[in-house]
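Asks: Can you make the complete structure from the sequences, with help from the hints?
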Amino acid sequence: MASIGDAELGVSTFCAASHQSEKCGANGLPLTPNSIRILGRFPVLKTLSHPRLCKYVDLVREKHERLIVVTEFYKTNLAAALRTSKYSDTSCLTTLAFEILSGLAYLNSRGFIHRNLSPQNILFDTKGFVKLANYGMYYMTDSGADVSFPIGLLKYMSPEVLAQGRVRVTSIDREYATGWKETRQLSHAPSSCKTDVWSLGIMLLEAFLGSPLWPNLTLQQIIHKILAFAKSKVDPIVLILSDHHGEEKFALLPNEIQSLISTCLTLSPKQRPMPIDLLSSSVFNALKSKEIPYSNGFSMFSTNLRCQDLEIPEYVEGTEEDHAKEEDLLSERSIHEVYYLWRLAGGDLVGALTKAGLVRTRPPITKIANFTLDDGEFFGEGRDRSTLLDCTVVILSQDQLRQRLKHVEPAAFYPLLEEEKNTALHLPISPSSGDLTDTSKLPLVIKERDVEYQFHRAILYERLLKAYPYKRHHIWKEARTDIPPFVRAEIWAALLEVEGDIQGTYDAIDKETPTATDRQIEVDIPRCHQYCELLSSPEGHEKFKRVLKAWVVSHPEYVYWQGLDSLCAPFLYLNFNNEALAYACFKAFIPKYLHKLFLKDNSKVIQEYLAVFSHLIAFHDAPLSNHLNTIGFIPDLYAIPWFLTMFAHAFPLHKLFHLWDTLLLGNSSFPLCIGVAILYQLRDQLLSFGFNECILLFSDMPEIDIERCVQDSIRIFCLTPKSATYRQHAKPSKREQKDSSSKPDVSYYSKDYNHQPLTDLSMHPVPLEDLRAQKCPFISAEDLIQLGELMGSSLTKSPTKKSASGKPLIIILDIRPTEDYLRGCVPGSINIPFDTAFNSDGDFLPSPAVTKLNVHKTQVKVVVGSRDRSAIKFAESLLRLGYNRACVLYKGVDVLRPTGILTVPTPDL
Amino acid sequence: MFKTEFVYEFVVAQQQCTLRVPLSLPLQGQTIGELASRLTSMHKLPCYLQTDLLQKLKSFTEHEIRQFEDAEGEAALERLRNGVEEGALVAEWTNAYSQEVIECAKQESISNDVMFSEIYHCLIHSPALEALLNLEHTYAIAVSDVIARRDQDLLHLEQRQESEMEEAVKRLGETYTDEQINLLAQRHFENTQMIESKWASELSTLRDTQKREYRDWVMDLHEDSEEAVPKLNDSLTAEQSPRREESFTVHLGAQLKTMHNLRLVSADVLSFCRHKTHVIEGVTVPQPQRLQTAISLYSNSLCGLILLVDNRLNSYTGIKRDFAGVCEQSTDFHFPDLELQFQSMEESVMRGNEKRAQQRLTSSTEDADSLQSGASSGSERDDRALRLNPGDFYTSRHSNLSEAHVVFHLVADDSVRSLVSDISSRHPVIMGIRNVLKACFRYDVHTLTLPLLLVHEMSEEMTIPWCMKRAELVLKCVKGFMMELATYSGQGSRTVQFLVPNTLSADTFASISAMVSSIFRMSNPVIAKS
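Note that the protein sequences, when read in sequence, are chains A and B. Residue numbers are given in the working numbering: position 66 of the first sequence equals residue 66, and the series is strictly consecutive. So the mapping is simple: the working numbering equals the position in the second sequence, first residue as 1, plus 1000.
Quick caveat, the hints were computed from the structure, so don't treat them as lab data. Treat the hints with care, since some could be wrong.
Unchecked claim - Using C-beta positions, here's what the derived DEER-type ranges look like:
hint: 1; chain 1: A; residue 1: 383; chain 2: B; residue 2: 1001; range: 33 to 43 Å
hint: 2; chain 1: A; residue 1: 383; chain 2: B; residue 2: 1127; range: 28 to 38 Å
hint: 3; chain 1: A; residue 1: 692; chain 2: B; residue 2: 1127; range: 53 to 63 Å
What the hints assert, rightly or not - Covered stretches of chain A (chain B as the covering partner; in silico rule of three or more C-beta atoms under 8 Å from a C-beta of chain B):
hint: 4; segment: 147 to 153
hint: 5; segment: 226 to 237
hint: 6; segment: 263 to 269
hint: 7; segment: 359 to 367
hint: 8; segment: 377 to 391
Glycine included, every Cβ here is placed at the ideal spot set by N, Cα and C.
Replies: Right, here's the structure in full:
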């Protein structure tokens, strides 16, 4: 990403045309507001990057169809430089033409045209190089159809553009049944790149003559002038020169330049050259040889060799002067990053515009329309002058941001990444705000608004991403602290282990040919996260459909289930400009968390999932589980959309991002813990509600505190033995154990249970009916051994830094008859024989063992029995009595016999 | 978009092959790379051809598009040379620039109204607020005094005429002939008219004077706003008029939720307009609501009210007359009188009806007869041109009503009162409510009061089941509209007040209240836990 350098951040504003009435009002579907259309078309402009172009940074939609554009900006422009007669010098004039043309040629190569060329839109950076501005207006407004003002300055319009008339929307249609996609017809096709060449010709002529053309003509007269070119037999250049008495001066120019200008001003579009043709003219030979080829920086998933054009710059010993100059380290950052920080540092776009008097709107009461027809068309609305196009650009002051970052050490701009053995966190220490590790412990919402913290995080991650995939485990480690919104898209891709030629893979998928699922997709998309402006734009819908189709087409073993759209939404939102990456993340996400859930017949998988979920509820919250079971409010009634969309259907995107930041770090059982955490938050209500109220409660997901939900789910995860969430339909382990190399085996939880090699002591598939019938989870023997440290202690580091102990403490309850127990038992287990444990009411009969159980009430209770069902019954009695965290040893005590763990208990028990 | 055919020639196993693909350019929804790989897989081309195919496709599409664009440009120039549309073109472009681009637009002189509105908005948010309100209030009292005198005068006259007439009728045949009685009646009528017009002119003179004085005063006050404005120090004790009401907070939206306030109110619709006299220690002072309305008049948070009216744009009958009566209770210092506002609406209505007639013409030709009758006498045509359809609404602006700045006069026909055939969600009045809500989003009307049962008065036949059914329909529709509009029009919180006639029984009110919470699915209170 190119650095911001000396550029300013400029902000300007314009209003989209508002729809008068609904032409398709008959089907009751509202038209997409033009501002949303523009918003959807904008993001691709951010990807344009060329030394001769001002970058687009952001587009913000405000109330009443107002849009605010943030761009790279410079104070000087050609309109001012024109009058200095500097361009009567031929070399200056050729350089100007060359630089404009190379900008235009780049735009054309990416499929864009400028169509808004005028001296005001040709800026000069501090070194005097041309920077084209405002080139996105024509594209983002769909050839100007989305705005009521014309695009381009009249004087620089080519005759064919004027002759075509203004662009109008001639018809809009929207499919009734699905609400899918508005198709609209424009009165004529978009202009071609040759109109820019005409504008260039006029500007070069003005620059050369040192004064604007036709200074005293009215609008109407100028239009007549330009239209007259079309009818005249004489070349336009001749007409213009005679208007301004410039023939003699023009004749003094070298022939090459004369012909350059006059070919630019060729009347016939057919004979007028394109920018790329003009660039090959011999006038520019000298300039071309000096040009430094421009390479477009670093891309994370490039198939090209990154070191291809690498030239290691010579190291020059800096002098005192150089040191003084290099003070401004912020200018080394990319413009997008500076803007991100600028906003965090209290930057206010509307405020800046209001201060400049650009959005002085009339009070609404003074413009209300006084009559409205039954079809919604209204009359007599007062016109607000502030909705007129005003091209003024306001410079956003970076003072506040620089002030905030003043105390940051220069070294913090280039953090070192080598492994440090002693500290867990790699946060640089800044003297101004003390230790940043303090900030890292604050709530996420605060961290995300802290400029300095975000600054350090963004820089650190940016460097880590450059070293991806080599630094993958480092990224993984940092992600456990938090993920800054600025780099979330890439970090998620890294966490999902996306690699390889993603663009090639995506391109190779046929997303065009109609398939049977198209219709369902078209029904779902206009209903999916539509409060999000980007996703509700026509462009967003189009991309949505392509990514979904790509997945459906390339996974023939699966089908399109409703919910897939919600699942796709966060990836598409984050990677709006990079469908291939969105698809790659999406593709990697599904097998990790939703293995087999999109099978045509997914009932077995879902049933198993829900059964394990209800075990987990029982395990962590016995009273709630008892209550829900009593009223018959089973997970099937509410939790299916949660898991099928990984909560993407339940939460708005901004909450979902925080949830998935953590989810992506967890294994495939983590979503179950999130489910329990949500129930936790609604616990009081659920306990007091009957069946109907519960149904009503979940029919419209209540507000959930997402940060608490994340913390709860981590805690729940850490209190659950990992085999308790074993599912036979979870994704099987990868053949090669590549993981162990990339992810360090730091704790009990760092390995997904489903990825561990199977042994006799492991869990094995349990029939679905049994699973559904029992209420408490199983624990595998190997888990028991590991947790009870029956074979010596193992790693004890925790997966999160928050909890003190990294794994749950257990207490083992042996429920076999005492004589069996005395013959051999798990060391440390206590014996409560099932047959004599309970009285007729189902309560415990008091005994020393029960007292001991009550002392360790919060620990995980592993019920060890024989092969019969008594252990399950015992655990369910514990549940009924309100004991949390009861589970049953899978296959009973016999499974432990071969291990030689069983010992004869010491007599005092 | 144009159609063309791509021809690809290649050699496979020393055999010359040709592939013809119809294409429509520019490519929509796919890149050239994707197209190339699609062609490769569809036609089972060997993979070593892919690079070549991609190259060929690229140059082909570029070439075709350039040719197409050139042709378009040439065609436009050719049309111009044939001299068909130059005048229209010039006008179109001139308008485009002079009306939409600030550089080219005429400098707008700041009108007095705009200046006044800014100054007022500024003053009302300053300590001058109380002085302003009190002045307004004094003026209002003056007007209502005159009105009271007028009403009394008219009453007197009526009584006198009545007794005269009675006397005359009694002596019919004796001293009075039929003719004389007729003459008497005529004289009475003339007298009444004369008195009425005398009062009307007095009122309008008073209003004009007040308005002028008020505006001058405001301007003066602004000029020397540095000077201390006399402060008045009486404490207001709000005395709420008895209204049955219930408030709800709801969250709408599937994933992202917006909070809205709903209120169910049982009151007379005009109570939202009428100022109640408010007496503290013998002095009448303005109502607290008045203050709020004044402060928010030029803000981005307005209050609106839906008034159901018939299909004529005047204020002669029924609720319209009552409403006009409320409006003239005091001078409107900011907006023209209702009558004048109606006059400016007439123009819009005529334009609207023209447009409607055109649409009807284009959509069907069966309206030939209406055209014929339209060509009848002038006044009738005028009348037709001003006739409104159910679902239309006209909007008036007020600064002198107690709880509304904007009144949406929504045209409803008898079908909303009909008890037999029930109305559907596609009924014009319901669509009208949708359009009103749209206007509310467009013009920052954040509080809207609407008649829940679509009637202002209860009648005998309106049974409880009818009320419930109607309430359900309107609530569901309003919920739908609010969700639909919120999708595109920002996430601001709104207040909607559902108004039911105050004659509604307490039981029905309670059941409607229960319905509101079930239809809007009352938000669950967030329970703070430590």
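Asks: Would you mind marking each hint as holding or not holding in the structure?
Replies: Against the structure, the hints come out as follows:
no. : hint                         : verdict
1   : A:383 <-> B:1001: 33 to 43 Å : 35 Å, holds
2   : A:383 <-> B:1127: 28 to 38 Å : 35 Å, holds
3   : A:692 <-> B:1127: 53 to 63 Å : 56 Å, holds
4   : 147 to 153                   : holds (count 3)
5   : 226 to 237                   : holds (count 3)
6   : 263 to 269                   : holds (count 3)
7   : 359 to 367                   : holds (count 6)
8   : 377 to 391                   : holds (count 9)
The structure shown violates none of the earlier numbered hints.
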